[in-house]
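Spelled out, the chains give:
2 protein chains.
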Amino acid sequence: MKWIEGGVCAPKGFEAAGMHCGIRPNRKKNDLALIVSKTPCTAAGMFTKNIVKAAPVQIDQKAIQYPTAHAILANSGIANACAPHDMENGLLMQKAAADALGIACDEVLIGSTGVIGQDLPGDKIAAAIPELLAKLTSDASGSDEAASAIMTTDTVKKEFALEFEVGGKTVHIGGISKGSGMIHPNMGTMLCYLTTDCAISKDMLKKALKDACDASFHRISVDGDTSTNDTLLILANGEAGNPCIQEENDAYDAFYCALKAITQALAKKMARDGEGAKHLITCKVSSCASEAKAEVLGKSVIGSSLTKAAIFGEDANWGRVLCALGYSGEVFDPEKVDIAFASTAGTIAVCAGGKGLAFDEELAKQVLHEDEVIIDIAMNEGEAEAVCWGCDLTYDYVKINGDYRT
Amino acid sequence: MKWIEGGVCAPKGFEAAGMHCGIRPNRKKNDLALIVSKTPCTAAGMFTKNIVKAAPVQIDQKAIQYPTAHAILANSGIANACAPHDMENGLLMQKAAADALGIACDEVLIGSTGVIGQDLPGDKIAAAIPELLAKLTSDASGSDEAASAIMTTDTVKKEFALEFEVGGKTVHIGGISKGSGMIHPNMGTMLCYLTTDCAISKDMLKKALKDACDASFHRISVDGDTSTNDTLLILANGEAGNPCIQEENDAYDAFYCALKAITQALAKKMARDGEGAKHLITCKVSSCASEAKAEVLGKSVIGSSLTKAAIFGEDANWGRVLCALGYSGEVFDPEKVDIAFASTAGTIAVCAGGKGLAFDEELAKQVLHEDEVIIDIAMNEGEAEAVCWGCDLTYDYVKINGDYRT
Numbered sequence: 010m011k012w013i014e015g016g017v018c019a020p021k022g023f024e025a026a027g028m029h030c031g032i033r034p035n036r037k038k039n040d041l042a043l044i045v046s047k048t049p050c051t052a053a054g055m056f057t058k059n060i061v062k063a064a065p066v067q068i069d070q071k072a073i074q075y076p077t078a079h080a081i082l083a084n085s086g087i088a089n090a091c092a093p094h095d096m097e098n099g100l101l102m103q104k105a106a107a108d109a110l111g112i113a114c115d116e117v118l119i120g121s122t123g124v125i126g127q128d129l130p131g132d133k134i135a136a137a138i139p140e141l142l143a144k145l146t147s148d149a150s151g152s153d154e155a156a157s158a159i160m161t162t163d164t165v166k167k168e169f170a171l172e173f174e175v176g177g178k179t180v181h182i183g184g185i186s187k188g189s190g191m192i193h194p195n196m197g198t199m200l201c202y203l204t205t206d207c208a209i210s211k212d213m214l215k216k217a218l219k220d221a222c223d224a225s226f227h228r229i230s231v232d233g234d235t236s237t238n239d240t241l242l243i244l245a246n247g248e249a250g251n252p253c254i255q256e257e258n259d260a261y262d263a264f265y266c267a268l269k270a271i272t273q274a275l276a277k278k279m280a281r282d283g284e285g286a287k288h289l290i291t292c293k294v295s296s297c298a299s300e301a302k303a304e305v306l307g308k309s310v311i312g313s314s315l316t317k318a319a320i321f322g323e324d325a326n327w328g329r330v331l332c333a334l335g336y337s338g339e340v341f342d343p344e345k346v347d348i349a350f351a352s353t354a355g356t357i358a359v360c361a362g363g364k365g366l367a368f369d370e371e372l373a374k375q376v377l378h379e380d381e382v383i384i385d386i387a388m389n390e391g392e393a394e395a396v397c398w399g400c401d402l403t404y405d406y407v408k409i410n411g412d413y414r415t
Numbered sequence: 010m011k012w013i014e015g016g017v018c019a020p021k022g023f024e025a026a027g028m029h030c031g032i033r034p035n036r037k038k039n040d041l042a043l044i045v046s047k048t049p050c051t052a053a054g055m056f057t058k059n060i061v062k063a064a065p066v067q068i069d070q071k072a073i074q075y076p077t078a079h080a081i082l083a084n085s086g087i088a089n090a091c092a093p094h095d096m097e098n099g100l101l102m103q104k105a106a107a108d109a110l111g112i113a114c115d116e117v118l119i120g121s122t123g124v125i126g127q128d129l130p131g132d133k134i135a136a137a138i139p140e141l142l143a144k145l146t147s148d149a150s151g152s153d154e155a156a157s158a159i160m161t162t163d164t165v166k167k168e169f170a171l172e173f174e175v176g177g178k179t180v181h182i183g184g185i186s187k188g189s190g191m192i193h194p195n196m197g198t199m200l201c202y203l204t205t206d207c208a209i210s211k212d213m214l215k216k217a218l219k220d221a222c223d224a225s226f227h228r229i230s231v232d233g234d235t236s237t238n239d240t241l242l243i244l245a246n247g248e249a250g251n252p253c254i255q256e257e258n259d260a261y262d263a264f265y266c267a268l269k270a271i272t273q274a275l276a277k278k279m280a281r282d283g284e285g286a287k288h289l290i291t292c293k294v295s296s297c298a299s300e301a302k303a304e305v306l307g308k309s310v311i312g313s314s315l316t317k318a319a320i321f322g323e324d325a326n327w328g329r330v331l332c333a334l335g336y337s338g339e340v341f342d343p344e345k346v347d348i349a350f351a352s353t354a355g356t357i358a359v360c361a362g363g364k365g366l367a368f369d370e371e372l373a374k375q376v377l378h379e380d381e382v383i384i385d386i387a388m389n390e391g392e393a394e395a396v397c398w399g400c401d402l403t404y405d406y407v408k409i410n411g412d413y414r415t
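Going line by line, the protein sequences match chains A and B. Each residue of the first sequence is one higher than the last, beginning at 10 in the working numbering. Each residue of the second sequence is one higher than the last, beginning at 10 in the working numbering.
Extracted from the complex, chain A is given alone in its bound form (with noise of 0.2 angstroms):
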């Protein structure tokens, strides 16, 4: 298995484009991605689990029941939700994208993100799909593109492609996604889309992307909110040539490691660029009794406000992660726990048995300095782990989303 460039694109079979349609006319950047792939693919989605429901998601929960996919086209800028004309545009967007690549409509999977509550320019949409059509390519710029078209709030690119062998032949997942407020790991908490080559079932995607989803984004914290908009798609379209996927076999571990992979370095990506975020928060919980109790108690503590200010401040105030682990809902013997930072400066244990242990400030205030910060929680009671990732609570966070309608 091995890291490659070309995004979305890298598998065979597949192109992808980005451009500004004008969704929000006073901010000139890529607004509108399409991704296609040349032969049907085999779909599988997740979406957010928020009662309110944006239109894009409630138009992909029907289209992903449909037995083949063949592209997505996504805009940022606007999250089409809640808004006057919300389904109405939602299906514009579909059908033209639908009607000018000539395929059925519940084969075009949509997406949008930005705004609540404002009217999508569906016609503006619908007017920009012929441009986006003739900068379709299988280049990596075409994932660059359209990668750079979903973003909002996110300061860099989340674009990432491997290479691995199933049954003999060379496979590629790739993918793209945007993600860096309002994220929580209640459910695919962002937009998300993977591309792949691999001959694979219907019912083995689903469980590999579900299994996936469970061991990255569902293991990142930016801010607790949800959104309306949250959506993570996989189109598959067994270019590789492999035998089709139909179990779980050795097949199917070799795939599914690839798309574990994926989404957790995507995943680690959104938490490093979380809003006005200056650290990438690693919360790694052992020696818990099971994994399930490990990933509750590891996202109490990306997800304490507390903690992550502390993180911001390089304050090495522990407490604050003891008392994270103690409001999670598990029940647990605070006097087994030990707690200590890591990063590339060193490692700095401060709390052993539950209670405090001196320690060199000097050094904390090192470790906890560098970019990359670990907070390493022993619980002493077990065998199983969990590792999470968030990010710190920083001015800018708050500046970012004090304003983010203007």
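No wet-lab data here; the hints were simulated from the structure. Check each hint, because a few of them may be wrong.
Pairs count within a copy or across copies, as identical chains cannot be separated in the list.
Here are the simulated BS3-like pairs of lysine-lysine, each with C-alpha atoms no more than 25 angstroms apart in a straight line [what the hints assert, rightly or not]:
| no. | residue 1 | residue 2 |
| --- | --- | --- |
| 1 | K133 | K21 |
| 2 | K287 | K408 |
| 3 | K11 | K21 |
| 4 | K345 | K71 |
Treat the numbers as computed from the prediction; the structure is a model and nothing was measured.
Use these hints to put chain B onto chain A, whose structure you have.
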């Protein structure tokens, strides 16, 4: 029922004092508070649900079982939690006060608030008790001094008192509290000490305290963190001479009504003084199927970082309000929801039937520019309602918590 001066000293037979004993040597503010009843009291308490419980919480959970209580001794600066000698110092503190007052150890309830993981200077506290006793007074100044002694990042004292009638007698309730960060409606969420001269049985006092807490401290949020030290105590000495309240009769109702009013006043003041807060947010959820559901929905809104940041930015980004309702865990029809923002500057409807309304952005800015902002949500599905309180998320919250220990 009328609001009066005097805080915890307003009820007959109570004295209080506060002083600087030097728990944080470089911070010259009151750090030790004492509240004493001349006669033995019936007492009730509520404590943090955090698995990690500070030594004073563990000590109080035992002491509150004792038939009578006489005094409360509390410090700020160090939380006396997860420190090498936490239990030892807590017991020393309790015994020093009991010996000086000539009462049983279990008649002294204690409390601590501040940094987790550091040892409390138990000797300094014990040495300060004689001076603290000499300062005890039933004047309002005693309550003032005690209220300031439990403040940490609080910027204002929280102190109220009420006078009302029970069984033909004039009765009083007084209270002081501290709380500004690490506030969330999972429990008592702070230190709060209440006194009353009402005669009331222990069972009735417990019931009234729990219900009042549910309608006040359990309905505020600053940052979603629950501390290790949360404690809510009430001492009732019966000095008002009313027939002892033994059941849920009119006298109980009068007492409960006053207790609820004072706990809500303290809770609102804590939310208003949330760390770094510029706005008090009152979220009213009405025409809901049940009060419990309205409460869950309201708490989700006041707990949303994105909504809090939008209010800081005075940005009428109602989509975040609808979104927070949607991930609350409650099921409802988004297409029935109406949302308005209100303040002394006016009321502005922003969403009807789950869809955005065109509204005057200039008026919206004016409405949200006021210190106290109301988010008024109609679910249009029933008759019940609940009100919750929170505050905005500001640069100063991050600043205060980025370097709390130093």
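Here is what the structure says about each hint:
In this assembly of identical chains, K133 and K21 lie within 25 angstroms of each other by CA distance neither inside one copy nor across copies; the values are 31 angstroms within and 73 angstroms between. Proximity of K287 to K408 under the C-alpha cut-off of 25 angstroms is found in both arrangements, the shortest distances being 14 angstroms within a copy and 14 angstroms between copies. For the identical chains of this complex, K11 and K21 are intra-copy neighbours only, at 16 angstroms inside a copy versus 77 angstroms across copies, given an alpha-carbon limit of 25 angstroms. Taking CA atoms no more than 25 angstroms apart as the test, K345 paired with K71 passes between copies only; the shortest distance there is 23 angstroms, against 49 angstroms inside one copy.
The structure fails to meet hint 1 from the earlier list, while all remaining hints are met.
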